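Q: One letter stands for each residue in the lines below.
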Amino acid sequence: MKIHDTILGLIFALIGVAVLVTVSGYPKMPGQDVGPAVFPGTAGALLTVFGLMLFVKGRLAPARMRGLVEVGPWVASPRHILAGLATLGGILAYTMLANRLGFLIVVPPLMFVWHLTLGIRWPTALVSALLTTAIMWGLFYKVLGVPLPWGLLTRYAF
Amino acid sequence: MTTLNVSPLTFGRRTLLAALAGAAVLAAAGPAAAQTWPNRPITMIVPWGAGGGTDATARMIASLLEKQLGVPVPVVNRTGGSGVVGHQAIASAEPDGYTIGIATLEIGGMHHQGLTALTHEAYEPIGLYNSDPAAIFVRADSPYKTAKDLVDAVAKSSDRQFKASGSAQGGVNHLALAGLLKAAGIPTARVAWVPSEGAAPGLQDLAAGGVQIATASLPEAAALMAAGRIRPLAILAPKRDAAAPDVPTLQEAAGLAWSMGSWRGIVAPKGTPAPVVARLQAEVGKAVETADYLNFMKSKGYATGWTPGEGFRAFMVANDKNLGETLTEVGLKK
Amino acid sequence: MDAVVTAFGMVFNTETLLIIAASSIYGLFVGAVPGLTATMALALLVPLTFFMDPIPALAAMVTTSAMAIFAGDIPGCLLRMPGTAASAAYTDESFAMSRNGHADTALGAGLVFSAIGGLFGTVVLIACAPILAEFALNFTSFEYFWLILLGITCAIAISSDRPLKGGIMLVLGFLVASVGLSNPAAFPRFTGGNTDLMGGIGFLPLLIGMFATSEIIRYALDTKARPPIIDQPIVNVFAGMWRLTVKYPVQIVRGSVLGTVVGALPGAGSDIAAWMSYAVSKKFSKEPEKFGTGHVEGIVESGAANNSALAGAWIPALVFGIPGDTLTAIVIGVLYMKNLNPGPTLFTTNPQNIYAIYILFIFANLIMVPFGWATIKVAKRILAVPRAILMPVILLFCIVGSFAMNNAAFDIGIMLVAGFVAYILEENDFPVAPAILGVVLGPMLEENLVKSMIKSDGHVADFFERPIAGVLGVATLVVWTWPFLRIAIGRLRARQPRSAA
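Residue numbers (UniProt numbering), protein chains in the order written: chain A, 1 to 158; chain B, 1 to 334; chain C, 1 to 501.
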């Protein structure tokens, strides 16, 4: 997805200003002349200046793009749109559901869907989904001791 | 980037709350569980990074507990925020005996600094297993031969003529120096504190001539002392250290009664069933007397000791008061 | 001497050797699959190294990066898709060689001269690092402040053809690193009162998001069909290598030296080293007209350069804690996690760790030859592994890996946001490397700035008072003002004849 430099420049400049406003309220360190605002304040000021420079550069540069925002060829392909949505939505779904339902319940369907949207046929997808879940579980939970959530299966934890 | 991660954050919170609510219902099954404790893994939360001193000692104790209790004791590092994040995580864990953690000196200071409302009262003390006193250092070629020379020179100096380093602003080594100045009747603002990310960079700055004084514990300074670049003047403890019998106490060297040092203890969240706490006290007490543990601590240069239960609570109360006074002195109390 | 013996013991034990073998295979595989970069290989390794002892962890990082950089040559040669950015410089050349039927020579040259370049860089590392460390023991915050500033300035100026966008990414990195309590004042910044943010934005989820998740998003939205593999038998990889060594000794040395130097510069790593070497090789070649038509000379030189850059990048990383490239930026993060804080004291406190790192580098470059040979033999099968199966597996690894360090779902959120933002910005030609430099160097820069300001009590002159600090400071100011200086000098020159007339 291409976004015109003028827009990005403005966004960065605004972030820079927001940083400056935020740090303006920071106190100095007791007994010292410097404080927690010095470094991010400088960074915020630089970001504002760089953002404005990008904006100006974008205005002066010959137009290479048709509009201000240009999406890739994936926009014409339902499978690719689905794959992109599944990637982002899947991670989000994991963060929301994993604690409640448990790793072993959430991950296999997630993996299955990811495989399907990338064009893998369902039998292969199913096998890979189950296998990956098992390996990842074994590696992180059993070998490395990472407390992956049990969720609904807490009672059967092993 | 910082402004963008609001949405996953809110979701994360909500899931967490839901999970906590669920766990609370399960935990209502309560006291009966004490007899069967432990029957699943016990998580040990460490508020400092993997590989650091606190982490190393915690992992050692965890591995011994694992053997003694027969269940896994995974160590989880919840770092950041000058220890606030990890200390908070221990306090807000389910008090079922399946989450314990390491509390360090910072628990007595952070609420005075306005970083959190959390105090030692959020915990059931299991026991204090280590405390390392701070020591005061100068460069090897410094004109000050004893702690008294140094204190006298500082007393006569102008404000901010002396610069010192060794920890973050309000960190243990900063407070160690501030308390020393206070004990000597010198205003704490006399010496400018140059904050550093831990003791090592502060000591290196001392060796390179960036500051004239540094405070740190003896094990932290061992390498630069061995290289002949820095010199200890006194140890801020009532007694000399068995590992460094040549270093005088501050009392001996300058006639000042002041002691300060970092410490580490094991705690459980408030409300952990009393039988479980008693059992933990006994088991950790056993672990810290094993030869494995003692050898390990000796090889790393950490002091050993064991103050369980109420003794540890009294220690934390005193520590809290002490830090509060020193922080007020330095102007960091909110 | 004791320390050296200890170091050998630390490397040559079953655990470390097993980890080296596993990371060799892992590095070779990831490097060989187009779309999976060396940086990604390293980023995904971090959650695992988190659970290892320091030396095995470093063994994994050193081996994986060396293997991945070499293996990047393979898909470049057979598919015309560089496996890692470091191979991009000579991808067209080696693909042309394959089409002419010389795939084995192209791959063999890549392998053998990668190993030689890597060993050369290691020798320089061993020779220079301790001397520099001794020197750096006398550095105070003033010297560090200027050194970091000079480093990042050069990184933006040299390594990027888009300095403005690089600068924006660097500053964004600074700001991300500013979040939380971890600053000299221990004041909560940009947290909005949130406890999770008090601890700051985790390095690991950021890394995984920026270098792995973003690649997966890109893959999911990628509509291009994949090019067919060049099908030709790869018979004897090592045939003719001795002849090439005798024919191109100057090229090998030149590539290795240039690679080491470029690697040691902050911010410029293997990929820049390879591009520069390839250009140098062509410029000084006796037969420059053959370049691009399947001529091995450039591959010899830049193949040596990209692997020597790897070792070169470790020099400033170990001595000053300033990363030479993105890979060492990750390594520095791991060193901090393992309490092996980089800096001159690392050399005095635990010399055996430093010796172990040297041994690891030598060992990794030696075993690269047999392991690499085996990989070339099975290359076609690796390239045939469908990426559509790999990508979801990597994505799951990203999730679990981000979670593993703090056991916090919050970190998965950071990973997602970092991945998405990195994808969007990369689509718009923003280089990602400066952002990670900013994240790693931001806290260091701030700490040394604050320390120096406190020490100087407001006297700017103190920043230049110590001799080395003065030199570094002036150098930094010259680099900053160079464009203006050039204009000014130009004007003066233009005016001179007139005033003389």
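These are computed hints drawn from the structure, not numbers from a lab. Remember, predicted model here, so these are calculated numbers, not experimental data. All C-beta atoms in this analysis are idealised placements derived from N, C-alpha and C, irrespective of residue type, glycine included. One or more of the hints may lead you astray.
Lysine-lysine pairs mimicking PhoX-like chemistry, simulated, CA-CA at most 25 Å apart [what the hints assert, rightly or not]:
(1) K28/A - K163/B
(2) K28/A - K334/B
(3) K300/B - K67/B
(4) K239/B - K270/B
Chain B residues, not near chain C, derived (Cβ > 12 Å throughout) [to be verified]:
(5) R160
(6) A168
(7) A192
(8) V194
(9) P275
(10) E325
Calculated Cβ distances over 12 Å to all of chain A for the following chain B residues [said to hold, decoys possible]:
(11) P41
(12) A226
(13) A314
Q: For a quick check of understanding: which of the numbered hints are violated here, in increasing order?
A: Numbers 4, 5, 6, 7, 8 and 11 - these are the hints that the structure violates, sorted from lowest upward.
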